[in-house]
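A.B. asks: One-letter residues, chain by chain:
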Amino acid sequence: GQNIDQPTEMTATEGAIVQINCTYQTSGFNGLFWYQQHAGEAPTFLSYNVLDGLEEKGRFSSFLSRSKGYSYLLLKELQMKDSASYLCAVRDGNFNKFYFGSGTKLNVKP
Amino acid sequence: GAVVSQHPSRVICKSGTSVKIECRSLDFQATTMFWYRQFPKKSLMLMATSNEGSKATYEQGVEKDKFLINHASLTLSTLTVTSAHPEDSSFYICSARPIETSGRKIEQFFGPGTRLTVL
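Quick mapping for you: the protein sequence lines, in order, are chains X and Z. Residue numbers for the first sequence follow the numbering used here, so the first one is 1 and each next one is one higher. Residue numbers for the second sequence follow the numbering used here, so the first one is 111 and each next one is one higher.
Think of the hints as simulated: they come from the structure by calculation, not from any bench.
Cut-off 25 Å, straight-line C-alpha distance, at most; resulting in silico cross-link-like pairs (PhoX-like, lysine-lysine):
| id | chain 1 | residue 1 | chain 2 | residue 2 |
| --- | --- | --- | --- | --- |
| 1 | Z | Lys165 | Z | Lys176 |
| 2 | X | Lys57 | X | Lys105 |
| 3 | Z | Lys152 | Z | Lys174 |
| 4 | X | Lys81 | X | Lys105 |
| 5 | X | Lys68 | X | Lys105 |
| 6 | Z | Lys130 | Z | Lys152 |
| 7 | Z | Lys151 | X | Lys81 |
| 8 | X | Lys57 | X | Lys68 |
| 9 | Z | Lys152 | X | Lys105 |
| 10 | X | Lys109 | X | Lys57 |
| 11 | Z | Lys176 | Z | Lys124 |
| 12 | X | Lys109 | Z | Lys151 |
| 13 | X | Lys81 | Z | Lys152 |
| 14 | X | Lys105 | Z | Lys151 |
| 15 | Z | Lys152 | X | Lys109 |
| 16 | Z | Lys176 | Z | Lys152 |
| 17 | Z | Lys124 | Z | Lys174 |
| 18 | X | Lys76 | X | Lys57 |
Computed Cβ-Cβ distance ranges for the label pairs, DEER-style:
| id | chain 1 | residue 1 | chain 2 | residue 2 | range |
| --- | --- | --- | --- | --- | --- |
| 19 | X | Ser67 | Z | Ser125 | 44 to 54 Å |
| 20 | X | Phe45 | Z | Ser183 | 18 to 28 Å |
| 21 | X | Lys57 | Z | Ser125 | 42 to 52 Å |
| 22 | X | Lys109 | Z | Glu169 | 30 to 40 Å |
| 23 | Z | Glu173 | X | Thr13 | 44 to 54 Å |
| 24 | Z | Asn180 | X | Ile17 | 45 to 55 Å |
| 25 | X | Arg66 | Z | Lys152 | 23 to 33 Å |
| 26 | Z | Ser183 | X | Lys109 | 45 to 55 Å |
| 27 | Z | Ser119 | X | Lys109 | 29 to 39 Å |
| 28 | Z | Ser128 | X | Lys68 | 45 to 55 Å |
| 29 | X | Ala39 | Z | Pro118 | 13 to 23 Å |
Think of the CB as a built atom: it goes at the ideal place given N, C-alpha and C, for glycine as much as any other residue.
All chains should be built: construct the whole structure from the sequences, respecting the hints.
C.D. replies: Quick look at the structure:
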């Protein structure tokens with residue numbers, strides 16, 4: 001089976017840095033994705049890791065450790081518009097299916 | 111960027127009726143499309159994988175006779191919720207995976223979702 005864990009909710013201050021963790025145990029692995037989802041909208045792609053290490057993309061960075069089954073999404077210089085749910089998704093190695101964690105709701109306060 | 115559309119965006123129907131939801135990739139071809147269901151304040155649950163030209167693959171616990179999937183072409187997949195009941199009310203989201211090209215990372219692009227309410 002697939003097991004992907006994320007914290008349910010986090011709160012951070014505008015301008016600060018926040019790290020959202022994701023741990024996974026899956027039967028196969030072919031990449032880890034992070035998506036942002038605002039309420040009532042479809043998820044939008046943020047980042048992708050398939051090899052260990054850090055991928056940086058503007059204010060967003062994502063890290064992966066395959067041996068530990070661990071990833072995090074780092075958001076810098078937080079803005080109010082970053083308030084959203086952040087979904088961690090693992091792509092299955094065999095069938096290229098995506099399995100999602102329960103999502104982390106981030107609240108950015110002034 | 112790649113665009114995926116869904117139609118309708120919202121639908122309200124009576125219990126016992128069937129509802130069809132379309133998922134289209136507008137500017138790319140997709141041999142594989144995925145259908146997800148999302149309950150309020152919950153994450154996406156993969157329902158099935160739709161493959162062009164072959165039968166859909168359903169996840170454990172998803173009734174294939176209840177949720178009929180047809181992948182008619184490289185740009186269109188449909189999900190039909192048959193004999194809908196109030197417990198089928200949910201947010202249904204599709205995604206499409208572009209045909210792989212050399213050097214391109216494999217990702218999926220999501221449609222905007224369809225809000226189904228069954229009375």
